[in-house]
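Engineer: Each chain is listed here by its residues.
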Amino acid sequence: MTAEILSASGVTKIVPTSAGELTILDGISLEINAAESVAIIGASGSGKTTLLGILAGLDTPSSGSVLLDGNELTALDEEQRAVLRGELVGFVFQSFQLLGSLTALENVMLPGELRGDSDPRSEASELLRRVGLGDRATHYPRQLSGGEQQRVAIARAFASRPKILFADEPTGNLDKVTGARVIELLFDLNREFAATLILVTHDAPLAERCQRLLELDGGRLVTETRA
Amino acid sequence: MRLLLLLRLLARDWRAGELRLLVTAVVVAVATVTAISLFVDRLQAALLSESSTFLAADRVISSSRIIPDEFRVAAEQRGLETAETLTFPSMVFSAQRNQLVSVKAVSQRYPLRGSLRISDQPFVQGARTDTVPARGDVWLDSRLFPALGLAIGDIVTVGVADLRIAQVLTDEPDRGGSFFDLGPRLLMHIDDVPATEVVQPGSRLLYRLLLRGDDGDLADLRSTLDEELAKGFRWQSIRESSPSIGDALDRAESFLLLGGLLAVLLAGVAVALAADRYARRHYDHVAIFKTLGATPADVQWGYLTVLGIIGIVAVSVGLLVGAGLHLSIVGILRSYLPLELPAPGLKPLVVGSVTGFVCLVAFALPPIMNLRRISPMRVIRRDLEHAGVSRALTYAFAGCGSLLLLVWYTDSWWLTAWTLVGVLGIVVCFGVLATLLLRGGRVVGMQAGNYWRLALAGLQRRHRESVAQILIFGLAIMLLLILLLVRVALVDEWRQQIPDRAPNHFLMNIVPEQLGPLEELLTSRVDYKGELFPMIRGHVVAVNGQSAAQWESEHRHPDAPGPRLSSERNLSWTTQLSENNRLIEGIWWGEEEVEPQISVEQDYASSSHLSLGDVVDFNIGGISVSATVSSLRRVEWDSMEPNFFILFSPGALVDIPATYMTSFYLPADEKRFLNDLLSQFPTVTVIEVDELIRQIQSIISRVTQAVELILALVVASGALVLIASIQASRDQRLAEHALLRALGATRRLITGSLAAEFALLGIFAGIVATIGAEVTAYALQVEVFELPYQLHPWLWALGPTLGLVFILLIGMLGTRKLVNSPPVAVLRELD
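Residue numbers (our numbering), protein chains in the order written: chain A, 224 to 450; chain B, 9 to 839.
By construction, these hints were calculated from the structure, which means they are not laboratory data. Misleading hints may appear alongside valid ones.
[Claimed, not checked] Covered stretches of chain A (in silico footprint by chain B; criterion: 3 or more residues with CB under 8 Å from a CB of chain B, positions within the stretch not fixed):
#, stretch
1, 274-283
2, 308-321
3, 329-336
[Said to hold, decoys possible] Going by beta-carbon spacing under 10 Å, a handful of chain B positions derived as facing chain A:
#, residue
4, 13
5, 21
6, 24
7, 28
8, 31
9, 299
10, 300
11, 305
12, 377
13, 381
14, 384
15, 386
16, 387
17, 389
Quick caveat, the model's predicted, so the values are computed rather than measured. Using N, Cα and C, we set each Cβ at its ideal position, and we do this for glycine too.
Let's have the full structure, built from the sequences with the hints guiding it.
Structural biologist: Here you go:
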């Protein structure tokens, strides 16, 4: 039986603007099971990224609740959410978000170091080798191509040993061929780590590789398609 | 967060140049303060020790009564060195003539500071000696030789004792200490005094116990003897005994401290700007840390550790640089500083370290602490604006830090309050002024066709940042201008204090019959202004019918400084107020014959609690005179002209026999004139103050050099602020220009518009700085340094020019590399 790892109920996000209040998400409810892969799709401005942020505990909803691995995120403060992120969640971003002042290896070591692992280096080296960049460990992000940087980011995401992996437009900054390779790697590792994958994308073929598609429009969940 | 990770990030940030500005700003603050403190500490110690030679000791206890032996014992128990002197006027006799002299009898260890000079012939400079006259011997002032017709080896009679003239006394350190106790000097051994039998009850005696040693021990002695001292003993330090030197030192101290604290405030602004920039460049880092599980507390403690490490490193480097800087200052000034600097204490290093950490906490902590509030959402929403640190919090921290440092350095709430009020007022006024200057011609779009319009449009678009920059630049330039103004005023004032040909010789005891021939001689031979002052000795016996002793005990605090009401003093009368006297209350009597009136010097009046209308009774040589206080005067004692605490209206003292005094200027190489003068008028007393004046002038010129040096250090701090604030706005400015270049703007247009932007900022900042400087300098000079004030037209040209040149130069240097880089590289670096 597959257990539910993430659920949202009536999640609404309203932000103040100079023209009055703007509703970005409007009463979103969903459930995601462990090891499931889910794509969140929709036009620009539909609220995909905001939803991802709230589901991952990076942001809080104006109303509604989010249950992540049994933890009610809206009841936690930033301190507690950060601990939870460190334990459960991995991220891959469109703009890679590597620290420019650290080498590829050091970037991958970061989650282990923040957790206080005794030997973050060997695990990071192994992951870097796994993504095919074992020989680029001492290179800085600016010395790597976009695809290579995203592979480092993927290695770092799995260094968190995540139960759930959030990916925000992971191929958005990559060409088609490189993007395809990166996605292959992402899905491979995801299977290997038996993690849940939630990704936000514009890329239809990528979305279709997921088991389920959630489409947003104007902040509402309009369709839910099972692959 | 793990220390290793933090250290690694710190090392990377350092290599990438992210920390350089922050560390440099702290280093400069610490180095400036350390260098100034070390130098000032040593210079003050040296100046004070040199100035102590005017007292011939560090402190002196004086009295007309015998100083109890317990005082000496108590001093020696504290490890203080002691010496005793006894000064009294007496007639001395040679075979042919007699002369009133001021006898100083000294113990073996006199003087404790400075040295005596002696020679075997009169009117030469003589050589230093560390002995005093042996028992049975006396040393005489040069002018006594012609006056008494004596030579070395002859015998003089003091009281009933015959003493042999062993040397000519050409200089004594504490000669200037008490102006009018001086007749020509006769120095003898204190153990010979009983044999002279001149010390009788009622004699005019001045006993002094000289003390030398550690400041703490001296203070301890003073507090122990406090009760005893109140019973008619006076505790003197250099500041009390020689007001003009005390004033110069006080002003120099205020100035150096002010200079030091301005340098720190400037460096503080640089620290704040650099820390803010550092924090902003770490927003993304923090967001990533947070997505990876770092808690806000982790972030906070992590960055606090980073700040702590930066602090320790920067403060250590700052101390080293400061010490080095101070050594090179001492090296440079060695040839100008003939005085030997004592070894510095630890205090300057403590001052430097505390300054560094206070600077970091006050100026860098708010933006760094704020990092904990960065939203992790930033990793997916780069456009997410972070509100930045609360302004109120930043200002409160910076304000408290500045206040703490200001009070600590100046030890004066008054000076602190004035400086802070000045700076705050100026911030507000500058903000308004800068806004007005920028609003001067609002334009739409980027105006990318012309340097000046492009630059102005850029400044207006970034209105808030531009106002802030004009404010910061303006403040930095203003501080420099203020320092320059105050320095100019101080140095001028000091130079004017003793004009070049100020009278340096006084003649006293001139009897009326000598006036004609004496004036003739003076007019023909020396620089003589022709001012004669009658002089009569007398003392106050009662005020408003109450005895002087009772009046004093009721109205005067026993420790109050300044002259005592009932002491015997020189009185005079005049119809005209001399140049260095200013009436501050009451009416001057002028030429008319009036009821007996007196005009009283303001400090004497206030310490003796005398006011207009009080009736004061005097005993003048046994005759009673009563007069009403009709005016109060402010006297420039520094003028070196004859001045009196009490002046009578003409006619009030007409029946009382008076002698006269006058003064003239005599260059050092014409000292032999005194020989002729004294041969012709042997009863006239000459007082030479040329050496005293020379000493004061040399101290003033040294203090001036120190002041100039501090100015240079403050200029360095100012430059740092400019660099920091240009750095702080560099990214935004460069992003715009890189975009323009990408769209086809030529390098010439970009360079031109950058130059125009910095030039405009410089000129605007210069204008506001000039206005601010005039206002603040007015407040400082009039209220703090008590100097007169006038507007400075040259400042209005200097301020904007300085702003233009300074900011243009530093701005163009700061952006040079990036103007020459391909636009894509610039945009990528800024991403």
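Engineer: Decide, hint by hint, whether the structure agrees.
Structural biologist: For each hint, the structure was consulted:
no.: 1; hint: 274-283; in the structure: holds (count 5)
no.: 2; hint: 308-321; in the structure: holds (count 9)
no.: 3; hint: 329-336; in the structure: holds (count 4)
no.: 4; hint: 13; in the structure: holds, 5 Å
no.: 5; hint: 21; in the structure: holds, 6 Å
no.: 6; hint: 24; in the structure: holds, 6 Å
no.: 7; hint: 28; in the structure: violated, 14 Å
no.: 8; hint: 31; in the structure: violated, 16 Å
no.: 9; hint: 299; in the structure: holds, 5 Å
no.: 10; hint: 300; in the structure: holds, 5 Å
no.: 11; hint: 305; in the structure: holds, 6 Å
no.: 12; hint: 377; in the structure: violated, 15 Å
no.: 13; hint: 381; in the structure: holds, 9 Å
no.: 14; hint: 384; in the structure: holds, 4 Å
no.: 15; hint: 386; in the structure: holds, 9 Å
no.: 16; hint: 387; in the structure: holds, 5 Å
no.: 17; hint: 389; in the structure: holds, 7 Å
Going down the numbered hints, you'll see the structure goes against 7, 8, 12, while the others check out.
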